[in-house]
Amino acid sequence: MEQLSNILGRMGGVNLLPVALAAVAFVLIGAPSSWVTLTVAGLAMGMMVFLMASGLSLVFGLMDVLNFGHSAFVSFGAFVAATVLAGLSGWLGAESIALEALALALAFLAAILFGLVAGWFFETVIIRPVYRDHLRQILITMGAMIVAEQTILAFWGGTPYAVPRPHFLEGAWIIGDVSIEIYRGFAFALGLLVFIAMVLVLNRTRIGLLVRAGVEDREMVEALGFRVDRLFIGVFMAGSALAALGGAMWAGYETLITPALGGELMIVVFIVVIIGGLGSVEGTLLGAILVGLMSNYLGFLAPKLALASNMVLMVAILLWRPNGLRPAVK
Amino acid sequence: MTNGFTGTLAIKGIVLIIAALLLFAPFLFQDVRSIEVAARICIFIVLVASFDLLIGYTGIVSFAHTMFFGFGAYGAAILLKQMGPGWTPVLLGALAGVAVSLVMAVAIGLLSLRVKAIFFAMITLAAASVVLVLASQLSQFTGGEDGITYKAPDLFKPATKLLSDADGKVLRLFDVRLNGKLASYYFVFLSCLVLFVLMLRFTGSPLGTVLKAIRENEARAEAIGYRVVAYRTFVFCLSATIASLAGTIYAVWLKYTGPDTSLSFAIMIDILLMVVIGGMGTMWGAVIGAVLLVMAQYYLRDLMGAAAEAVASVPLLPELLNPDRWLFWLGIIFILLVYFFPKGIAGTVMARDRTT
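These protein sequence lines map, in sequence, to chains F and Z. When we follow my numbering, the leftmost residue of the first sequence carries the number 1, and every step to the right adds one. When we follow my numbering, the leftmost residue of the second sequence carries the number 1, and every step to the right adds one.
Bound-form chain F, shown alone:
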């Protein structure tokens, strides 16, 4: 038994969970082509959720701030990107891949910029006065979320908003009898790119070193003369921008968005962050992939169960590892 766990530990330990899940699902589903489609869908969903969740996780790890208003960035990102895309619909119809790609890039850029500015505003105006007071933090960020959701309703109305999608991301690749939606592949690739960039920044730069040190022991870093609160604004802004980017990608994925989108995704984001362990980027990715795969497999195997699947997954993992799969060292 011990030998087995040693071998598993050397092969990656908890990182093997998604692989194990995929293997079990492969046996249960039976048809390789549907399995590939579902796996790709799960990975794509996981990557988008990861973008939304990573900021929340880091913000909590660094400053012990739990932001219930995080979903507002996701919704705003989705709506800002959708508006930009709708405004550039001329480019999207121009049948030129370069113009279409430019329109998409501009939309994502607008969402990211909005996330940065909104994150700065949110941190300085809303959260700064209630550092270290969890009860009031939860209440105030909840209030901010209500206001943000109502603002979206006032600007964009309550009816579903159609998101135009560039043509080159429409349709699916068909390899044999396996069909993969192009947008899903794109979302996965972009998410992976952001993840790699994040890991590089966190592990290879001085700022990343400070952030990791701050997560581990904030007082010590402050005692060494670094202004963790300034660092924190930066992390908060980056986290908000990532959430907005995640929202923008989600908008393109769903193609029809409502102001309730942020609230619905928030539950998933919370579950991911709890499963992964607060404060850890790798843990968040692991949690996001698990949740994405789980909900896609179960949605195919037992649609009725899929509703509660995330909850069951969270309960199971918390019973096994109360601090999440890969908690940041505290």
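Calculated directly from the structure, the hints in this document are not laboratory data. Even glycine gets a Cβ: it sits at the ideal position worked out from N, Cα and C. Check before you lean on any hint, since a few could be wrong.
Stated by the list, open to error - No farther apart than 30 Å at their CA atoms in a straight line, the calculated lysine-lysine pairs in the DSSO-like style are these:
{"id": "1", "chain 1": "F", "residue 1": "Lys304", "chain 2": "Z", "residue 2": "Lys255"}
{"id": "2", "chain 1": "Z", "residue 1": "Lys12", "chain 2": "Z", "residue 2": "Lys343"}
{"id": "3", "chain 1": "Z", "residue 1": "Lys343", "chain 2": "Z", "residue 2": "Lys81"}
{"id": "4", "chain 1": "Z", "residue 1": "Lys81", "chain 2": "Z", "residue 2": "Lys12"}
{"id": "5", "chain 1": "Z", "residue 1": "Lys157", "chain 2": "Z", "residue 2": "Lys12"}
{"id": "6", "chain 1": "F", "residue 1": "Lys304", "chain 2": "Z", "residue 2": "Lys81"}
Unchecked claim - Pair by pair, the computed Cβ-Cβ distance ranges are:
{"id": "7", "chain 1": "F", "residue 1": "Leu192", "chain 2": "Z", "residue 2": "Met83", "range": "55 to 65 Å"}
{"id": "8", "chain 1": "Z", "residue 1": "Thr209", "chain 2": "F", "residue 2": "Arg132", "range": "21 to 31 Å"}
{"id": "9", "chain 1": "F", "residue 1": "Leu305", "chain 2": "Z", "residue 2": "Ala20", "range": "46 to 56 Å"}
{"id": "10", "chain 1": "Z", "residue 1": "Ala99", "chain 2": "F", "residue 2": "Ala223", "range": "20 to 30 Å"}
{"id": "11", "chain 1": "F", "residue 1": "Arg132", "chain 2": "Z", "residue 2": "Asp260", "range": "49 to 59 Å"}
{"id": "12", "chain 1": "Z", "residue 1": "Gln137", "chain 2": "F", "residue 2": "Ala223", "range": "32 to 42 Å"}
{"id": "13", "chain 1": "Z", "residue 1": "Asn217", "chain 2": "F", "residue 2": "Ile182", "range": "49 to 59 Å"}
{"id": "14", "chain 1": "F", "residue 1": "Leu192", "chain 2": "Z", "residue 2": "Thr209", "range": "52 to 62 Å"}
{"id": "15", "chain 1": "Z", "residue 1": "Leu110", "chain 2": "F", "residue 2": "Asn6", "range": "44 to 54 Å"}
{"id": "16", "chain 1": "Z", "residue 1": "Thr209", "chain 2": "F", "residue 2": "Pro129", "range": "48 to 58 Å"}
{"id": "17", "chain 1": "F", "residue 1": "Asn6", "chain 2": "Z", "residue 2": "Thr209", "range": "36 to 46 Å"}
Stated by the list, open to error - Residues of chain Z clear of chain F, computed beta-carbon distances all greater than 10 Å:
{"id": "18", "residue": "Phe141"}
{"id": "19", "residue": "Leu182"}
{"id": "20", "residue": "Tyr231"}
{"id": "21", "residue": "Leu272"}
{"id": "22", "residue": "Leu327"}
{"id": "23", "residue": "Phe328"}
{"id": "24", "residue": "Leu330"}
We have chain F already, so just place chain Z on it with the hints.
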């Protein structure tokens, strides 16, 4: 020393006036809408007070309160629909609701004991959203999004005569028909009163004091020898039970139960706003918050509609003053209150005693 008129007295006086108004509501305000508002106020007072046991007295933030409210409401609703009108389904429904609530409360309590306290808010939020989705999906039991319509016990039918005069017509007292609608209102009022007084008694008991001690300094309470975990779980179960009973009462009064009246996240936000506006940590605050917010829900919208028309020529403002956007303004008020008056109305007024 008291100089005759203190903040605490003022708050208690206001609560007493509210209680008197609610007691005589059917005689004072004779239109249907006012009675609807009065009954809603009664039920929300209980719901908010039971939430205050958690957030105000013990310092636990839970977002699953509507879930328990919904269990009670759906318990009564499903049984009233299946078994027909009568008292047995109401009682059984109340019991079933309480039983399910207790099981869920213990399960959530035990699970979240294993994790950091701050996760509690996230876990309850997730649990409540799963229950909401289940309620709208399992339509063969819950009626899905449409909810369930059913009949209340015979006593509460508008045609029931409580007292009849010599001609066999319904007797009128101060011009109010003594019919089933009146009985129904007093059923709501009295049950809510009993629940509220029970909670008031509970917070005054030694047990209530222990809870406050836990809120103020958890480590110290533990060191004195109180098992914080056990007390937390207990108060979570108690609050869930009361919320579930309030749900049953509301289901009997409305004769309709659906996701929007019992389970939706909008109600959770209402409860949160009421607790914070009224004042956390005092039962009186729950009364004031519930009254203010329910009144605002029913009457502020009319006012906002008028305001929106008045500024129709200005860009964007009419959109924000649209009656549907009332939550926007409440959200802003909520944030400002948490910043500047974290004790809410009741807490702020009562705190004046100690400084003078």
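The hints, checked one at a time:
no.	hint	verdict
1	F:Lys304 / Z:Lys255	holds, 29 Å
2	Z:Lys12 / Z:Lys343	holds, 16 Å
3	Z:Lys343 / Z:Lys81	violated, 43 Å
4	Z:Lys81 / Z:Lys12	violated, 41 Å
5	Z:Lys157 / Z:Lys12	violated, 35 Å
6	F:Lys304 / Z:Lys81	holds, 24 Å
7	F:Leu192 / Z:Met83: 55 to 65 Å	holds, 57 Å
8	Z:Thr209 / F:Arg132: 21 to 31 Å	holds, 26 Å
9	F:Leu305 / Z:Ala20: 46 to 56 Å	holds, 52 Å
10	Z:Ala99 / F:Ala223: 20 to 30 Å	violated, 53 Å
11	F:Arg132 / Z:Asp260: 49 to 59 Å	violated, 37 Å
12	Z:Gln137 / F:Ala223: 32 to 42 Å	violated, 53 Å
13	Z:Asn217 / F:Ile182: 49 to 59 Å	holds, 57 Å
14	F:Leu192 / Z:Thr209: 52 to 62 Å	holds, 55 Å
15	Z:Leu110 / F:Asn6: 44 to 54 Å	violated, 32 Å
16	Z:Thr209 / F:Pro129: 48 to 58 Å	violated, 31 Å
17	F:Asn6 / Z:Thr209: 36 to 46 Å	violated, 52 Å
18	Phe141	holds, 13 Å
19	Leu182	holds, 37 Å
20	Tyr231	holds, 18 Å
21	Leu272	violated, 7 Å
22	Leu327	violated, 5 Å
23	Phe328	violated, 4 Å
24	Leu330	violated, 8 Å
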